[in-house]
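Which chain is which? The protein sequence lines are A and B, in order.
Those letters in the first sequence? Residues 1 to 229, by UniProt numbering.
Those letters in the second sequence? Residues 1 to 148, by UniProt numbering.
Quick caveat, the hints were computed from the structure, so don't treat them as lab data.
Treat the numbers as computed from the prediction; the structure is a model and nothing was measured.
Among these hints, one or two may not hold up.
Unchecked claim - With a cut-off of at most 20 Å between alpha-carbon atoms, the simulated DMTMM-like pairs for lysine to aspartate or glutamate come out as follows:
1) A:Lys38 to A:Glu184
2) B:Lys147 to B:Glu77
3) A:Lys38 to B:Glu77
4) A:Lys38 to A:Glu180
5) B:Lys114 to A:Glu74
6) A:Lys151 to A:Glu184
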Amino acid sequence: MIPRTERYVMLMASLPSIRLLGEKALPINPARLTERMKLLEPEDRDELMTIASILSWNRIDTGDDDAAYVARAERILSAIRSATLREAALERLEIRTLIAALRRRHAGEEAPAAGTVWGIGRHVETIRRNWTQPDLGMARFYRWVGPAREKLEAGDSVGLERLILDVTWQAAARHEFGHEFDFEAVVFYLMRWQLADRWARYDADAAAIRFAELLDAALPPMASLEVAA
Amino acid sequence: MNELMVILGWLGVFAPVGLGAIGSAIGVTIAGQAAIGAMLETDSGYGRFVGVAAIPSSTVIYGIVVMFSLQRTITPENGAGLFGIGILTGIALAYASVWQGKACASAIAASKSKPEIFGLSLAPAAIVEGFAVFTFVFALVLAGNIKG
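Chain A extracted, bound-state conformation (with noise of 0.2 Å):
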């Protein structure tokens, strides 16, 4: 007779802490996580593969254009059993829409046709309807839009990499409160941790591009080295 709120206490106990800037390595690996993920009820693990399916990037079908990803993923919030996780993956994908049109529009694409189907959630209009806006019209929903496109526009990718991952982190954190135990707190655990995994790989990635280029800079060209020999 343990409460629904407490199904997963011994699973969320034997978790590590994760901070999105912490440790060069992650706390747990994946091979551990999978493990640890085992002890999942079999229609929590179905309904977690259901919204990783639309959540993350290596499981989305990427052989699907916008319209037959957004009916799929709509589809797909819509059975969700959760109203907390319906709402935290429902903003997640419209942070994604929202970086999504920024990209389109710095690339110097036009405002999407009306009617197509483009992007997620409920801001799709106003975003449409505001594209030559600065802030594409959500800066009363979104504080960061300002800061992003400020990134986008000087080209500070590690930057605006860093504030995506930031507010995501933010948004699950602010959906995740009051879940402890529950199966809401094992799938905002996994959201987590995916976007510390993320940040960890970026950031060596960008380690090591900055290694050569200071490489680059600092050593003359081995044309000159071998004149010089």
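Once you've looked at the hints, dock chain B against the given chain A.
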């Protein structure tokens, strides 16, 4: 009617133990699962986790003491009093146990990665224990006023 009052009286006498045991069982199970989970992630401090997991068991002990204080010859005159004090004490103890179990589980989950907050993280569970003690003490006080 007299028989009903006697039945209610008996229910009241045993409720603190029965409901207290149910609450303690749930509370200890919740905190115990957290302790097991924490053991998977840590290399030491197992005894500490198990000790915290046992904290919600105190309420069943309070229930036993209250039961003995309520125990007397049950009559139609004292049945209602025994029922009122016993049932409400049992519900309060059970509720305190379950929520204390949750507080203990949170303390275990938090202190496994940050051992320095172990003592402080138990404060909510200790406060809940205080509420159970209030119920216990005043049930004993009132039990003394019931004739029988």
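Each hint tested on the structure:
no. : hint                 : in the structure
1   : A:Lys38 to A:Glu184  : holds, 16 Å
2   : B:Lys147 to B:Glu77  : holds, 8 Å
3   : A:Lys38 to B:Glu77   : violated, 58 Å
4   : A:Lys38 to A:Glu180  : holds, 19 Å
5   : B:Lys114 to A:Glu74  : violated, 40 Å
6   : A:Lys151 to A:Glu184 : violated, 33 Å
When the structure is compared with the earlier hints, violations turn up for hints 3, 5 and 6 and for no others.
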